[in-house]
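Here the protein sequences line up with chains A and B, keeping their order. Take the first sequence: its letters are residues 820 to 1037, numbered as in the numbering used here. Take the second sequence: its letters are residues 820 to 1037, numbered as in the numbering used here.
Simulated from the structure, these hints should not be mistaken for laboratory data. Think of the CB as a built atom: it goes at the ideal place given N, C-alpha and C, for glycine as much as any other residue. Treat the hints loosely; a few may be bogus.
Stated by the list, open to error - If you anchor each label on the Cβ, the simulated ranges turn out as follows:
1. B:P1016 x A:H872: 43 to 49 Å
2. A:Y967 x B:E982: 44 to 50 Å
3. B:G1009 x A:N880: 43 to 49 Å
Stated by the list, open to error - Short, incomplete list of chain A residues facing chain B, as computed with Cβ under 7 Å:
4. I860
5. L862
6. D912
7. M916
8. I924
9. K927
10. N929
11. D930
12. N951
13. F953
14. L957
15. T959
16. L963
17. A964
18. P1008
19. A1010
Number of protein chains: 2
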Amino acid sequence: MKKALVVLSGGQDSTTCLFWALENFDEIKAVSFDYGQRNEIELEFAKQICEQHNISHQIVNMDLLSELTNNSLTKHYIEIEEKEGGVPNTFVDGRNMLFLTFAAIVAKNNDIRHVVTGVSQEDFSGYPDCRNVFIKSLNTTLNLAMDYEFELETPLIFLNKEETWKLAYDLGVFDIIKENTVTCYEGKPGAGCGECPACKLRSEGLKKFLERKEKNHE
Amino acid sequence: MKKALVVLSGGQDSTTCLFWALENFDEIKAVSFDYGQRNEIELEFAKQICEQHNISHQIVNMDLLSELTNNSLTKHYIEIEEKEGGVPNTFVDGRNMLFLTFAAIVAKNNDIRHVVTGVSQEDFSGYPDCRNVFIKSLNTTLNLAMDYEFELETPLIFLNKEETWKLAYDLGVFDIIKENTVTCYEGKPGAGCGECPACKLRSEGLKKFLERKEKNHE
C-alpha cells in the first residue's frame, strides 16, 4: 500500500497536488502550516477540502517563523512590494525547506515515505528553494538526517501555471481548483484581487489554458 | 570581520564550541532552542554563559517539536530507555536538521555565514544527523535553499569526549565546562546523575582525559 503526505497550503498548486496524490497513492494524509500568514483563509480552504474528501489533515503551528524574519507575508503592517528582478518581499528565507523538513518528520512518524509538494521552478519568482536542484539536495539531506528512504514528489516542478490548470482539468477537479483555492496575497479566494503578483500569474495561466482549450476544440 | 552564530544548548559540547568560536571569530551570536526538553536548566546555563561573556543570545521557542513526535526527551512522562544497539528513545527524528535550518535562517538575517554546531560523529549514539556526511549534505542544501554561502563549522565532528575535554582545557575553559554545563538527561549540572547514558559518556571521557594528562606530566 502506497501512502503519501501532501504539504497543503490551500492554494492552487498544493490543492492540485492533493488530487494528483489521490489518483496516485492508496492512502493520503495532508499537513498545513499556520505561520500567521496574511491569508489565513488559505488554511480554512485546506481544511474544508480535506473534510470533503475524508483526508486526514494536521495543522502545525509555526508562529515562530515570524519571530525569525521580517517580511510582508507574516508582518501584516509591511506593504507588499514587488521588486524589479528580485524576489518579492513576501519571501521568507528558507520557508520551503523548513516546511518540507517538518513534513518529513510528520511523514516518518506516520510510516510514510512519499512527501508531495507543489513547488514549481517554472513560476518560482526567484525563490531559490523552489528549484529542482534544491529539492534533490534536500531529498538526500532528509534521507541522511533520518536514515529513511523519503521520496519528495514534485508533480508541478516543470509545469507553468497554464500546465498546472491543465493538470487540474485532466484530474477532473478544474472547478474545485478554480473556486475553492486561495492564491491571492490579500486572501481573496478564486480569482482573488486580480492585482497582486500571485493573482496575475494565476489568471494569466488560466487565460492561456482556456484559450488553448478553445482552440483545440475548434 | 568574521562573524559566527553558535547553536548553544548549554551542554558540554556546544558550550566548548562557543569558546572555540570566541577564539576563531571576531563577533559571536548564540541561538538556543526551547522545545520543552526535560533539562530546561540547560537553557539557563546557556543564558548565563552568554551574559557573563557579553554574547548576544536568542532563544527560539520550538514547542511545536513536541506536537510532532513522541519521545522521552520532550514527553516527560515517558521513561528514558536505552535500547540495545539502537538510538536511545530520547531521540527526536530530524531534530538537528531542524535546529540547524532555523539557525541558518537566523544567521542569514544577521548577515552571518558561519554556523557553529557541536555535533560529533564519534559519540553519536546512532543519531544519523550527527554524522559528517549529513552535515556536508545539509550545508549544500542550506546554500541552495537560501542562495547564500553558509559554512557549517563542526569543531568536534571527529573528536571523542576525551578530546573534547582536551579542547576545553586548551581553550582555558576546562573549569567553566566542568561546572557550568549540563549534559545529564535528568538536568543535573556538572557531573550530573552519573547514571544516564549522557553522564556516563561525559564522565568516562573526563576520566580518560585526566588520566592521560596525569601520565603526560609524569
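Checked hints:
no.	hint	result
1	B:P1016 x A:H872: 43 to 49 Å	45 Å, holds
2	A:Y967 x B:E982: 44 to 50 Å	30 Å, violated
3	B:G1009 x A:N880: 43 to 49 Å	36 Å, violated
4	I860	22 Å, violated
5	L862	15 Å, violated
6	D912	5 Å, holds
7	M916	4 Å, holds
8	I924	5 Å, holds
9	K927	6 Å, holds
10	N929	11 Å, violated
11	D930	12 Å, violated
12	N951	10 Å, violated
13	F953	4 Å, holds
14	L957	5 Å, holds
15	T959	5 Å, holds
16	L963	4 Å, holds
17	A964	4 Å, holds
18	P1008	27 Å, violated
19	A1010	32 Å, violated
Checked against the numbered hints given earlier, this structure breaks hints 2, 3, 4, 5, 10, 11, 12, 18, 19; the rest are met.
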